[in-house]
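K.L.:
Position chain B relative to chain A; hints supplied.
Next come the chains, spelled out residue by residue.
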Amino acid sequence: MPADSTQIHNIGYRHYEGPRLGRAYATRSLFSQSLRGAYGLGRSAKSKVLPMILFGVMCAPALIMVAVAVATKANDLPIDYTRYAIVLQAVISLYLAAQAPQTVSRDLRFQTVPLYFSRPIERVDYVRAKFAALSSALFILTAVPLVVLYVGALLAKLDFADQTKGFAQGLVSVALLSVLFSGIALVISAVTPRRGFGIAAVIAVLTISYGAVSTVQAIAHEQGSSEAISWLGLFSPITLIDGIQTAFLGATSAFPGKEGPSAGAGAVYVLVVLALIAGSYAALLRRYRKAGL
Amino acid sequence: MTVIATESLSKRYPRVTALDRLSMDIGPGVTGLVGANGAGKSTLIKILLGLSPATEGRAAVLGLDVATSGGEIRERVGYMPEHDCLPPDVSATEFVVHMARMSGLPPAAARERTADTLRHVGLYEERYRPIGGYSTGMKQRVKLAQALVHDPQLVFLDEPTNGLDPVGRDEMLGLIRRVHTDFGISVLVTSHLLGELERTCDHVVVIDGGKLLRSSSTTDFTQTTTTLAVEVTDSDEHPDGTGALRKALQGRGVATQDDGGGLPGAGHTVLLEAEGEETYDLVRDVVADLGLGLVRMEQRRHHIAEVFRSNDEQQGEPAPGHEAPSERAAAWAATAAAAEQTGGARDAR
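Each protein sequence line maps, in turn, to chains A and B. First residue of the first sequence: 1341, per the numbering used here; consecutive thereafter. First residue of the second sequence: 412, per the numbering used here; consecutive thereafter.
Next up, chain A with everything else stripped away, as it sits in the complex:
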């Protein structure tokens, strides 16, 4: 081989002539990058540990229940589809506390946001991509166990129509939960860019509000004012979801004395949830108005 063919040539600068896919593509890329990031994919091995453990913890009870149902030839699953997320809400809170700050605070803390906004994507695209990514991540976390339960129920030859209805109701419920919880957690994380602080704030808001609401509900139950119990549920995210699924999705309420809201009160629950989701979206947009260049 002649010697000159082994030479390394400096080919110099090459211009890019290919397509530029623009704003919608960039938004989709940001969405998929953030969604993958919420499970530590495409990031260091260390950042995969927690989300994967929590995902495992979330699915393990479903697998056990399915195993039990199949083995004992039970007539029904040990738990309702709609109840699953309520029972495992601590895991959901932990996951959100870990991943919501990861999704938005990093860009704010390291001042990467201006790099996005100096590109074709706009503020709304950024907020939508991040909101959708965390909601989807949370939906995966909460819906996969339901899929496990459903598949298990069918394997155990439980009633198909009954199970499918319950499964569908469960999916609607966790979808609503995912969007609501993501919105709240994102807003909290976006206003607390400091590491650790955001995590604590998310856990605090989700658990303290639930703790406070259920304590007051328990007192109301003692005093026999069942009306108060259902209205008190408006003041924490998880009881909001519980209220809606009790009123509209055929769930049994986890409120003390199973005093879930009626359909009328349920409508108020729906309005509050929608207002919270819209409010978090608006708050995020507002937050990023100042985070530009």
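What the hints contain is simulated information worked out from the structure, not anything from laboratory work. Just so we're clear, the structure is a prediction, and the values are computed from it rather than from any experiment. Every residue, glycine too, gets a C-beta built ideally from N, C-alpha and C. Heads up, a few of these hints could be off.
As the list claims (entries may be wrong) - Below, computed lysine-lysine pairings styled on BS3-like, alpha-carbon distance capped at 30 angstroms:
1. K1497(A) with K1413(A)
2. K1386(A) with K550(B)
3. K1598(A) with K1505(A)
4. K1598(A) with K1413(A)
5. K1505(A) with K1413(A)
6. K1388(A) with K550(B)
7. K658(B) with K1630(A)
8. K1630(A) with K622(B)
Said to hold, decoys possible - Which chain B residues stay away from chain A? Per the calculated CB distances, all over 12 angstroms, these:
9. R423
10. H509
11. S514
12. K554
13. I596
14. L639
15. E688
As the list claims (entries may be wrong) - FRET-style restraints, in silico, Cβ to Cβ:
16. R1535(A) with G438(B): 43 to 49 angstroms
17. R1626(A) with T638(B): 58 to 64 angstroms
18. G1358(A) with Y424(B): 36 to 42 angstroms
19. G1362(A) with T638(B): 51 to 57 angstroms
20. Y539(B) with A1552(A): 22 to 28 angstroms
21. G1352(A) with G702(B): 17 to 23 angstroms
22. A478(B) with I1480(A): 48 to 54 angstroms
23. T638(B) with V1464(A): 56 to 62 angstroms
24. E536(B) with I1480(A): 55 to 61 angstroms
P.N.:
What follows is chain B alone, placed relative to chain A:
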């Protein structure tokens, strides 16, 4: 062809006027945007990127109106911010690939362009390591790479030499020069160090208090004068080489002066008027006859800082209601002098 054009562009905030009827045209090449902190440089970049509406007036970038075509402009323009903007826990490659996709490049092209661009800015094996472990110089290169990865037609570089040591500063300036000469990308670079822009830019725009103070090409600013600066070594025979040279030159009928300014090392420089080619030969011969080493012989050029001094003299009274520009200019002149002090030898071109 005009790359950036503004027409009585103003930006007023409730209490501050950031830009005040700024009209200018900037052509292709490397353009320096000079101004003290708060002179309106960042506001101008923000408006040019279409991210902040102007209060009045118009601006166009690459022929596109900033008010209506912000997205199209941002697709064709790169931006390197002044502040840190890199997440420490990802590698330069991952980060720049992501930014390329944010600019609309398909995945495969994003990876290819990232590898190319990182190589061009001088990052090799380290590009696979997390950015957290990089030196300031390497981080600046990553920041430059993300601004270039989508092959823009124009880049805005906001204080790219901030925080760099003199060597890193030189390398960055060389790189900026190459962005235009080798890559064919026009550059708008901001700095408050005038000496830097003098060596890098084709054109310098000076703004102060949101107003255009001056816009002209660097050669106008710093016309080559016929003053020669000569520096020689000492030898055993001539313990004061500089003095011996001065005496010998006077013997040949050439008037010399000391390099004023009181900077360290200034006493070792002899200044003389070059009357033509023969003066260079004369100096060479005289130095050789004396048996001294010639450290440097260069054309002394005016520095941009002097432009400010003369501007102030011309301007006289500062505009009422404005911070006196002369004070600022004096401060810049001092900064520039300090920069020249460290980089005097680099002036030889």
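K.L.:
Output the indices of the hints that this structure fails to meet, ascending.
P.N.:
7, 10, 11, 12, 13, 20, 21, 22 and 24
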